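Here are the chains, one letter per residue:
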Amino acid sequence: MSPVQHTLLAAGEASEHRTLIVTLFAVFVAATLVITVRAGRQTKDAADFYAGGRQFTGFQNGLAVSGDYMSAASFLGIAGAIALFGYDGFLYSIGFLVAWLVALLLVAEPLRNSGRYTMGDVLAYRMRQRPVRTAAGTSTIVVSIFYLLAQMAGAGVLVSLLLGITSDGGKIGIVALVGVLMIVYVTIGGMKGTTWVQMVKAVLLIIGALLLTFLVLLKFDFNVSELLGRAADHSGKGSAFLEPGLKYGATGTTKLDFLSLGIALVLGTAGLPHILIRFYTVPTAKAARKSVLWAIGLIGTFYLMTLALGFGAAALIEPDEIISSNKAGNTAAPLLALHLGGVDSDWGAVLLATISAVAFATILAVVAGLTLASSSSFAHDIYANVIKKGQATEKQEIGAARWATVGIGAVSILLGALARDLNVAGLVALAFAVAASANLPTILYSLFWKRFTTAGALWSIYGGLVTAVGLVLFSPVVSGKPTSMFPGVDFHWFPLENPGLISIPVGFLLGVVGTLLSKETPDAGKYAELEVRSLTGTGAH
Amino acid sequence: MQQSAEFGELRRAHRSFAFPVTIAFIAWYLLYVLLSNYAGGFMGTKVAGHVNVALVLGLAQFLTTFLIAWWYARRAAARLDPRAEAIKSRMEAGA
Chain A
1 MSPVQHTLLA
11 AGEASEHRTL
21 IVTLFAVFVA
31 ATLVITVRAG
41 RQTKDAADFY
51 AGGRQFTGFQ
61 NGLAVSGDYM
71 SAASFLGIAG
81 AIALFGYDGF
91 LYSIGFLVAW
101 LVALLLVAEP
111 LRNSGRYTMG
121 DVLAYRMRQR
131 PVRTAAGTST
141 IVVSIFYLLA
151 QMAGAGVLVS
161 LLLGITSDGG
171 KIGIVALVGV
181 LMIVYVTIGG
191 MKGTTWVQMV
201 KAVLLIIGAL
211 LLTFLVLLKF
221 DFNVSELLGR
231 AADHSGKGSA
241 FLEPGLKYGA
251 TGTTKLDFLS
261 LGIALVLGTA
271 GLPHILIRFY
281 TVPTAKAARK
291 SVLWAIGLIG
301 TFYLMTLALG
311 FGAAALIEPD
321 EIISSNKAGN
331 TAAPLLALHL
341 GGVDSDWGAV
351 LLATISAVAF
361 ATILAVVAGL
371 TLASSSSFAH
381 DIYANVIKKG
391 QATEKQEIGA
401 ARWATVGIGA
411 VSILLGALAR
421 DLNVAGLVAL
431 AFAVAASANL
441 PTILYSLFWK
451 RFTTAGALWS
461 IYGGLVTAVG
471 LVLFSPVVSG
481 KPTSMFPGVD
491 FHWFPLENPG
501 LISIPVGFLL
511 GVVGTLLSKE
521 TPDAGKYAEL
531 EVRSLTGTGA
541 H
Chain B
1001 MQQSAEFGEL
1011 RRAHRSFAFP
1021 VTIAFIAWYL
1031 LYVLLSNYAG
1041 GFMGTKVAGH
1051 VNVALVLGLA
1061 QFLTTFLIAW
1071 WYARRAAARL
1081 DPRAEAIKSR
1091 MEAGA
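Note that the protein sequences, when read in sequence, are chains A and B.
In terms of the working numbering, the first sequence opens at residue 1 and continues consecutively.
In terms of the working numbering, the second sequence opens at residue 1001 and continues consecutively.
Quick caveat, the hints were computed from the structure, so don't treat them as lab data.
Incorrect hints may have been included.
[Stated by the list, open to error] Covered, in the sense of this in silico footprint (three residues per stretch, anywhere, with C-beta under 8 Å from a C-beta of chain B), are these stretches of chain A:
| id | region |
| --- | --- |
| 1 | 99-105 |
| 2 | 222-233 |
| 3 | 242-253 |
| 4 | 288-302 |
| 5 | 342-352 |
| 6 | 528-540 |
Values in this document were obtained by computation on a predicted structure and should not be read as measured data.
No residue lacks a Cβ here, since even glycine has one placed at the ideal position from N, Cα and C.
Model the full structure from these sequences, guided by the hints.
See below:
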């Protein structure tokens, strides 16, 4: 360990602090388990399990959407990126927010009107069911697993550090605990339980961020310019800290990487299956619109606060201390809490424990949403409609969803344990790039392009998926650099870390090429039906 | 119904807003990303105290996002919802 020593680790190791952190974690877990069991008692049919009975209000769902979306990468990752790289970290906040306009204007309402439980419902509406549902299920599971991995790895890093657990066995134990909890939430509580957990988490996260923002601003007498000035001085980088380019400005390649990341962020959100299925939990398209409006308000406010958290951490904490605690800066927010309260004071310990518990809640709520999205897609798209050809009973379908949850949970525990030392932010940006390349083109073409065919859908989904995942495989994320997953070997030839710049246009283009090359005549009657239904809600579930 | 003038109007009301606004906000966002990449000097210009152009433009992205969301909500309530509900109730009465 570095001579600077981790104040955080030291604080976590002081036994009374550790007791407090563990107690708060336990309280949150106990409360959410009670919610889950109660929700489970009210879960009777498939609409309850997949869509929470479609009984949530626009505001409730808006909270849950925010809880589903603001992941550990948002809270810990962005605060850390701003603390270390200043202005460049802020791009994540902007891209993650602007992206919601795509969902608001083009996707949320038509999706709510035309689908039932999964993203595949909309994609397969006027296409040949089995191939399109297989493709939709595959891309749903791939996107969700990438996203899950990032959250599990984040949980491992965070909790191990806070509790002073450094052994490999201990870290794997934490990943396994998170995995088991998410399996319990989803199999017992279904969408109802998951939604309530996400609502509680959103409230906690926003209160936590408000508290830290208030304390940061208080230190600077609410003078933002002075906060920025101090952050710039203290970072050792001067005014460059407040300008773009510190992280991505070095060469022409890193600039292209920045552009690629920017595109993936803004187009990824409306293609994330775990976000899309949330719109089925409200009764009407109008309520889906209200959910997005609330989400934009809540998420926007939260991302504005990440500025105060990130620049606050840069202004108040030594850069060495942030880096030695976690190289990617993932622990800047909890460290900030400790420093705001006072490093050796009880108040500092309480604040650290509270913010850490909020971060833990954040991870649990997001992994539950991701697991639900992938197991619903497996059960509804692949099991019920492809394997059983639509002949499965509701009971069989929910049974399959529960077993799929256990399976996906087990796989993510295994992969999460292997990925425990990987770069968390890279995995999340990758999930966005895959969603934007494989899912968004097909969703938009299905809803708005009359001529679009089954072949176009398959080309677009598989082509976008393979291009995005393939480019990452041969990028510096996987090999060839000290920060890669496999630093010892080098088989990379693609220079960018984010594939979006190439794979997103490829996904859109292949949808057109596949459609034009296929001899299939699109089902005009079905398209007319979809169009009327998506805009008016006639016949919606 | 899809061929009717009534539905055509609803479709036009949705598309004539959603499509151009989507293109506009994506272009505005890309302009911001490109400026960050290739116009460092301009972005670093101080506006007031330590607040520079980059920060002001970043916050402007937040502001335009909130404004577009609010604008769409108002427009949808005024022009989309009444038309959609009229068509829906007529179709369900006819079915």
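A quick look at each hint next to the structure:
no. : hint    : verdict
1   : 99-105  : holds (count 5)
2   : 222-233 : holds (count 6)
3   : 242-253 : holds (count 6)
4   : 288-302 : holds (count 6)
5   : 342-352 : violated (count 0)
6   : 528-540 : holds (count 8)
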